[in-house]
Amino acid sequence: MADFLKFLSSIRWQDYVDIIINSYILFRVYVLFHGTNAFRVLVGITSLWLLQELAASIGLILTSWAVRGITTAAAIIIIVVFRNEIRSALQVRNVKAFIWGFPIREQPTPVDVVVQTVYQMAKKRIGALLVFPAKEDLGELIHGGIPWHGTVSPEMLLSIFWPNNPVHDGAIIILGTRIVEVGVLLPLSQRQDLPSYYGTRHRAALGLAERSDALIIAVSEERGRVTAARGNSITPFSEPEKLAQVIKQHLNISDGMPAAAQKRERLRLSMAAVLSLLVMTGIWFGFTRGQDTITALNAPIEYVNRPVAFEILDTSTDEARVQLYGSSALIKSLRPGQVLVRVDLSKAVEGRNVFPITQDNVILPPGVFLNKVQPSSIDVQLDVPVAKELAVQVDWVGKLPDNLNLRRISVEPETVNVTGGSQILQHVSTLYTAPVRLDTLEKSGSITTALVLSPPSLKLVSNSQEKVVVKYDLEERAGKERR
Amino acid sequence: MPLFGEECMYKTRKKSLLLITAALAMLVSTPMSHVRAQVGAQTPSPQPVETGDLSQRPKLTQATMCERVDNLAPVRPGMVFSVSNGQVCCYTSFDPVPQATLVYHRWFHRDELSTQTRLRVYPPKWATYSVIQLRDTDKGPWRVEITDQNGRVLNVLRFSIVD
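Top line first, the protein sequences correspond to chains Y and A. Heads up: the first sequence begins at 1 in my numbering, then just goes up one per residue. Heads up: the second sequence begins at 484 in my numbering, then just goes up one per residue.
Looking at chain A on its own, in the form it has when it is part of the complex (with noise of 0.2 Å):
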C-alpha cells in the first residue's frame, strides 16, 4: 500500500522569482483542500468531460517511471522495480503549460484503484512526480494513469513490482 505522494517542482533559474510568486497567489486563492491534495492525500476521481479550450490544455512531454527523483530528474528509469528499492515514482513533465491547472496521477494495482495524486502545474513549463512507498503485499502489475483536470488521460505507464 502506498504511504502517502509528495509533489516536487522545479522552475528555470530565470523565472524562480515570477513562478514563486505565481505559487504563492494560487496557495492564497486555493482552498485548503486543495493544499492537503498536493502533499498525496487521496482525492475524488476525474470525470472525464471534453471542456475547455485545448490551446489551453498542458501539453505532456516526458513520463516516466524511476526509483527515484534526484535534482529534479527522474533516476533509474525502468519498467520493473524492486519492492526492496522501497519506494517507485511517476515523473511526468508538460511543456507548454498555458495557464495553472492540475493533473492527476492515478495509482492502479492490478486494475484496483490504489491512490491517486493531485498535482498542480503552473506555466510556462512544469515538472512533478508523485511517489508512492512499497511494502510485499505491492508486489504485482500496476499502472498510472496521468489525467488533467477533466479526467482526460494523457498517458499511461505500466510497470511491476517484483522481488
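Only chain Y is shown next, with the shape it has when bound in the complex (with noise of 0.2 Å):
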C-alpha cells in the first residue's frame, strides 16, 4: 500500500493532465466515427498495428515486417476510400458540437409526424422527396439547395410542396427536428430496369440512393404512391406504419421505449468514455514509467539572450554530450532538436565568459531525464561590432614567366570597410584577394578579383565593393637577370 502511494505521489499533475486530454481524444474519436465503415476499419488497424508489434516482441521477422506493410497501406487506403465519412464526421455545425456533442443530445425527427403528412401528401397528389441524410456527407452530390432551417411540422411539409410553391419541385433534406435545406437538386439514376411509372423524382430519389447511404422518400404527384429508397431498391410502401418502421430503423431511433434507449446509449457512451481513460493510461504508463534505457547523444547549444551590443566571437564547443534516461519507447522516439543546451548569455560581459552546464540548461522533452552532461562548463568570447578601414592587398600565386618582372602594382580601391568583433578586428589589418595566377601574365594590364573576407565573420560594409580592380606593370628582364 506504501508503495502504491509512493508511486502514486511520483505522478505529476501533468500526468493527469497529459492521461485526460489523450482519453478525451480517444473518446471523441469514437463518438465522432462510431457507426461508420471508417471506425470499422480504424479499429482493424489499430488490431493490425497491436499484431505487428506482438510479432515484433516475438521475433517473427517476416509477419511483422508483412503486417507493418498492410498497416501502413491500409492507413493510406481508409483516409481515400472513406474520405467522406471521415468528412461527414468532421464536417459539424460548430465547434462546441466537434468538441461536446454527443448523439444522445439530438432531438430524433419526428418521424410519425413526417409519414402522417407524407400519406396527406400522397392523398392529395402532391409530389414530394424527403432526404434522410445518413453518415455520409452529401455536398458533393446535391446541389442547388437552399437553407431553411425550418421545424419539421405538417404545415411546414405541405407548404414547401404545395404546387405554387417556387421550391416544390426540390427534395428537402431533413436533419433531426430540421429542414435544413429546400430544392435541392438530388443525381438521377441511370438505370433502365425502373418500371415507366416511375417519373424523375423516383429516379432522383433512386440515384441519390444509389450514390450514398441517405434515405429517401418520394411521394408520386400522378399515382399518388408513396416509395423510399436506399441502396440501390426503391420500395414502394403503402402502409405508413411500415415506412415509419424503416424512417426509424434509418435514423436509429427505438421504437416504444425511448427513456430504455437513452439509457442504454449512455452506458454505452459511458463503457466508451472509461475504456479509453484505461487504454490511454495503458499507454501513458508504457510510453513513461518505464526507466530502463539509458542513451548518450550530442546536443547542440543554443546561446539565448545575448546582449545587443555584444557579438559572440568563439565558444569553447558547439555541442554537448548528454546522458538521458527514460522508457525505451521515449528514447527511441528521440528526434534531433528535442535535446538541447540553452546558455543565458544575459548576464555575460565582454571578453571571456564561464557557463556552468548544469540540469537546468539541458531541455528535454518530458519522460526523458538527465543522467549526465559533459562538459561541465562552457566558455563564451563575447566581442563589440566595430567597423575598421583595412588595406587590400592581391594574394599573387603561382610562377611569373622568368623574363618577366612585376614591377608595380595599384589596387582600386586600396581599402574597403568592414565590420566584426573588436577582438577580431585587432589582428587584422589586411584583407586579400582571391589567390591571382601570375602564370598566365605576359603583359601589363588590370584585373577585377573578389576579396576573401577572413575571418569569415567578417563583412563588408553596404557600401564597399566586393570586387578590386588590380593594375600591374610588368617589365622585361635584362637576359643576364633571368633565373
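It should be emphasised that the hints constitute simulated quantities derived from the structure, not laboratory data. The beta carbon of each residue, even a glycine, is placed where N, CA and C say it ideally should be. Just to be clear, a hint being listed does not mean it is correct.
To be verified - Calculated lysine to aspartate or glutamate pairs in the DMTMM-like style (CA-CA distance at most 20 Å, straight line):
id	chain 1	residue 1	chain 2	residue 2
1	A	Lys622	Y	Asp402
2	Y	Lys399	A	Asp646
3	Y	Lys399	A	Asp619
Said to hold, decoys possible - Okay, the calculated bits of chain A under chain Y, using three or more residues with CB under 8 Å as the criterion:
id	region
4	551-563
5	620-630
6	640-646
Both chains are sitting in their own frames, so use the hints and assemble them into the complex.
Written as C-alpha cells, this is what we have:
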C-alpha cells in the first residue's frame, strides 16, 4: 500500500492532465466515428498494429514486416476510401458540437409527423421528395439547395411541396427536427430496369440512394404512391407503419422505449469513456514510466538573450554530450532538436565568460531525464562589433615567367571598410584578394578579382565593393637577370 | 620562416671617418641588447607614441623590396619574389637623419608578425636593409612596416612570395 501511495505521489499533475486529454481525444474519435465503416476499418488497423508489435516482440521477422506494410497501406486507404465519411464526421455545424456534442443529445426526427404528412400529401396528389442523410456527406452529390432551417411540422411540409411554391419540385433535407435545405436537386439514376411509371422524382430518389447511405422518400404526384429508396432498391410503401419503421431504423431511433434507449446509449458512451481512459493510461504508463533505457547523444548548444551590443566571438564547444534515461519508447522516439543545451547570455560581459552546464540548461522532452552532461562548463567569448578600414592586398600565386618582373601594382580601391568583432579586427589590418595566378601574365594590364573575407565573421559594409581592380606593370628582365 | 636579418650601412667617402668614429661611440654607449638587435634578433614591438620634435625624425626617402642589395643599392626590385631566390630584402634609405635613432622593419606574413629587425640609422643620411631567408612555407602575401623608434609607421611595403 505504501508503495502504491509512493507511486501515486510520483505522478505529476501534468501527467494526469496528459492522460485525461488523450483519453478524451480517443473518446471523441469514438463518438464522432462510431457506426461508420471508417471506424470499423480503424479498429481493424489498430488490431493490425497491435499484431505487428506482438510479432516484432516475439521475433517473427517476416510477419512483423508484412503486417507493418499492410498497416501502412491500410492507413492510406482508409483516408482515401472513407474520405466522405471522415469529412462527414468532422464537418459539424460548430466547434462546440465537435468538441462536446453527443448523439444522445440530438433531438430525434419526428418520424410519425413526417409519415403522416407524407401520406396526406399522397392522398392530395402532392409530389414530394424527402432526404434523410445518414453518416455520409452529401455535399458533392446534391446541389441547388436553399438553406431553410425550419422545424419539421405537417404545415411546413405541406407548404414547401404545395404546387405553387417555387421550391416544390426540389427535395428537402431533414436533419433531426429541422428541414435544413429545400429545393435541392438530386442526381438521377441511370438504371434502365425501372418501371415506366417511375418519373423523374423516383429516378432522383434512387440516384441519390445509389450514391450515398441516405434514405429518400418520394411521393408520386400522379399516382399518389409513397416509395422509399435506399441503396440500390426503391420500394413502394402502402402502409404508414411500415414506412415509419424503415425511417426509424434508418435514423437509429428505437420504438416505444426512448428512455430505455437513452439509458442504453448513455451506458455505451460511459463504457467507451472508461475504456478510453484505461487504454490511454496503459499507453501512458508504457511510454513514460519505464526508465530502463539509457542513451547518449550530442545536443546542440543554443545561446539566448545575447546582449545586443555583443557578438559571440568564440565558444569552447558547439555541442554537449548528454546522457539520458527514460522508457525505451520515449528514448527511441527522440528526434534531433528535441534535446538541446540552452545558455543564457543575459549576464555575460565582454571577453571570456564561463557558464556552468547544469540540469537547468538541458532542455528535454517530457518523460526523458538527464543522467549527466559533458562538458560541465562552456567558455563563451563575447566581442563588440566595430567597423574598420582595411588595406587591400593582392594574393599572387603561381610562377611569374622568368623573363618578366612585376614592377608596380595598384589596387582600386586601396582600402575597404569592414565590420566585425573588435577583438578580431584588432589583429586584422589587411584584406586579401582571391588568389591571382601569375603564370598567365604576359604584359602589363589590369584584372578584377574578388575579396576574401577572412576570418569569415567579417562583413563588408554596405557601400564597400566586393571586387577590386588590380593594375600591374610588367617589365622585361635583362638577359643576365633571368633566373 | 625568416632565419635571420642583417643590417648594412654605407657612408659617403667624405664623411667615412666621421661616421666610423660616431658608430664606435654609439657602440660603446649602447647596451649589448641593442647590438644584438642590429644583427636581426627579434625585439619588442615599438609602441606608437607621438613624441619628440618632428624635425629630429629621420626622413624616409626610399623604401623598396628587392632580391638582394649589391654595392649598397637594391637589386631587382619588385612586387613578387620567387621562393627559389632564397631571400628577400627590404631596403630603406633616410635623408636627412638629424640624429642617430632606431627604425624597425616589421615583417608580416598574412597579418601575422613573422619577425622584426631593429636598425640603427645615423646622421646625416643612412641606408639600411633587412633580409629574410625564404622557405616553402613562406609563400603568400607579405608586408613590411617601416616604423620609427616611437612606433610611427613611415611606410608599408606589400609583396608576395610565390613559386
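Going down the list of hints, with the structure as the test:
Restraint check: the Cα-Cα separation between A/Lys622 and Y/Asp402 comes to about 18 Å, which is no more than 20 Å; the hinted pair holds. With a C-alpha separation of about 5 Å, the suggested pairing of Y/Lys399 with A/Asp646 holds against the 20 Å cut-off. In summary, the hint linking Y/Lys399 to A/Asp619 is supported, as the alpha carbons are separated by about 13 Å, within the 20 Å threshold. Closer than 8 Å: that is the beta-carbon criterion, and the region 551-563 of chain A has 5 residues meeting it against chain Y, so the requirement of 3 holds.
Counting residues of the region 620-630 of chain A whose CB falls under 8 Å from any CB of chain Y gives 4; the rule of at least 3 is met. With a cut-off of 8 Å between beta carbons, the region 640-646 of chain A has 4 residues touching chain Y; three or more are needed, and the interface restraint holds.
The structure meets every hint from the earlier list without exception.
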